[in-house]
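S.K.: Going down the list, the protein sequences come from chains A and B. Per this note's numbering, the first sequence starts with residue 1, numbered consecutively. Per this note's numbering, the second sequence starts with residue 1001, numbered consecutively.
Simulated from the structure, these hints should not be mistaken for laboratory data.
Listed next, the in silico DSS-like pairs over lysine-lysine satisfying Cα-Cα at most 30 angstroms (straight line):
no. : chain 1 : residue 1 : chain 2 : residue 2
1   : B       : Lys1126   : A       : Lys5
2   : A       : Lys38     : A       : Lys17
3   : B       : Lys1126   : B       : Lys1017
4   : B       : Lys1038   : B       : Lys1126
5   : A       : Lys5      : B       : Lys1005
6   : A       : Lys190    : B       : Lys1017
7   : B       : Lys1316   : A       : Lys5
8   : A       : Lys190    : A       : Lys316
9   : A       : Lys17     : B       : Lys1190
One-letter residues, chain by chain:
2 protein chains.
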Amino acid sequence: MELRKDPITRSWVVVGKEEPAFPAGLCPLCPGTQSQSKTLLALPPDGPWQVRVIPHLDPLYRIEGQPGRSAEGIYDRMELVGAHEVIVETPDHTRTLAQMSGEEIERVLLAYALRIDDLKRDPRFKYIAVFKNSGSLAGEEWTHSHSQVAATTFVPRRVLYELRSAQQWFRQRERCVFCDIVSQEQRQGKRIVDEQGAFLAFCPYAARVPYETWVMGVPHNSRFEIPDPMADRADLAELLGRVLRRLVRVAPAYHLVVHTSPNEYQKKGELHEYWRTISDDYHWHIEILPITAITSRSYGLKETYFNALAPETAAKTLRGLDAI
Amino acid sequence: MELRKDPITRSWVVVGKEEPAFPAGLCPLCPGTQSQSKTLLALPPDGPWQVRVIPHLDPLYRIEGQPGRSAEGIYDRMELVGAHEVIVETPDHTRTLAQMSGEEIERVLLAYALRIDDLKRDPRFKYIAVFKNSGSLAGEEWTHSHSQVAATTFVPRRVLYELRSAQQWFRQRERCVFCDIVSQEQRQGKRIVDEQGAFLAFCPYAARVPYETWVMGVPHNSRFEIPDPMADRADLAELLGRVLRRLVRVAPAYHLVVHTSPNEYQKKGELHEYWRTISDDYHWHIEILPITAITSRSYGLKETYFNALAPETAAKTLRGLDAI
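The following block holds chain A by itself, in its conformation from the complex (with noise of 0.2 angstroms):
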């Protein structure tokens, strides 16, 4: 078990790590039947929890030791150093992401913002990931509703590519490409799903699958975790809530993946402080990949995405749908 990087498209890839074999039975999700887990975190800190983040059951990744970078000839290997934790979303075990509240999407949301700023502490996690796989067609591990938190010794593949278009259109045009997009979006309408107060929620221009929807902070701002003076997270909450019970009637399943900026603290001197760097040129926002019966043309393991559905028409009917 190791990660090993492709010489060729640079990305990583972990390799030989088993399927887990989860045990029928009772959800190991549910409220009592955690009592070997330790809690990472809880919400609210006092009485019982409404949110809890507890270790991933079985992890991909080892919280123990050093990446330990290598080479094998011209190939180049890395331990499988990480984090890999389970966020609890409900202790209801029917209950789901899009059917909650307001409130209690924004404690989800909170839960992911707390647990990407802690690991963001440890300066050898380069990139933080939470994501959610929602329905069997998405790959979800438990029914009971939950997102996933992985802290990574490497910048996943598509951040990467993210972050480095972002950097060449800021350092062409001193403007965030994000910005521009909320701009055009805002302009344009024809591809709004949603907004409320400093949050937009658009389907991208170029969606790679059909109904594909972003959701984003209008105002500049390169982290999810740390909250913009500007934008109250309850709107966010709200927002995304509609979004979702918008989506689950167009499609049985769906991947949500936050996207933050990567680890920003760097050693300063020898005394070992850490500090935050400031980033112009990047710009949190979470991605929405439904899975619909619409599938795509297979071609070349999407080397090039075919997506049936134009985003205009997919904002139009998602628009067109109760949100409550």
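The hints should help you fit chain B onto chain A, whose structure is shown.
M.R.: Relative to chain A, chain B alone:
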């Protein structure tokens, strides 16, 4: 229906193309049922065809017109101009590529090469992709054994990343990264599946899926379509056949993708003569990605690959299988 560029990852997405609905009934690839189809290539040139190339029955791209790259605000778009063809690999409806003789496979590979070479003469096309989706899990459109050709006005994302990496590697070391890979695989031996003549088949070090196998020529050559004087295509055909016969024993479906250099014809002065540039930093290869029952953990749409099976183990298993 158009091509749209993702401003973040700079990949192109085909938007708005509906799934084709092919009528049930007679197989359109069988001899006699293709009377309306134009034949783009038949092999052998005389007598009944053994391999036949026709335009795709519901093409993704139109052959006429110019890409007409234009802006929509900050976004980029193009017309769906390109070529989309079907290579019918055999007149026999039930015969698969893995079952074919070396001579039959050599004829299929010759058709690949002739179509790439012909389409590269059109300077509108930046890349010619040849690929095969075998098995319903791989999204095959007809069960009659066939491959597809797609000539596009852009270089597909994965190929672009390959080209960039290979260029950087060459600049730093004045060596081809693929030649370095071949050399290390030959030295270590543990990921080699099979070899014949000047050709090698191996499981790559950072295999993305179980039993991923690459087949390539050992002498440096960037263009699949131009045979190397030191490499006999009959050897490649024999080797590919043996590799496929092993893979179909461990996987019900596979994607096969030919990676060759992008269109290197360049306009030469005002007379619009075209000539080829030589590429020291790219090396053609065939990537075969089996779809096995060993699924991989879904994580944010493959932003990180998780492969349960180490390529050394995969290669060992494949070497141990009969290839008859």
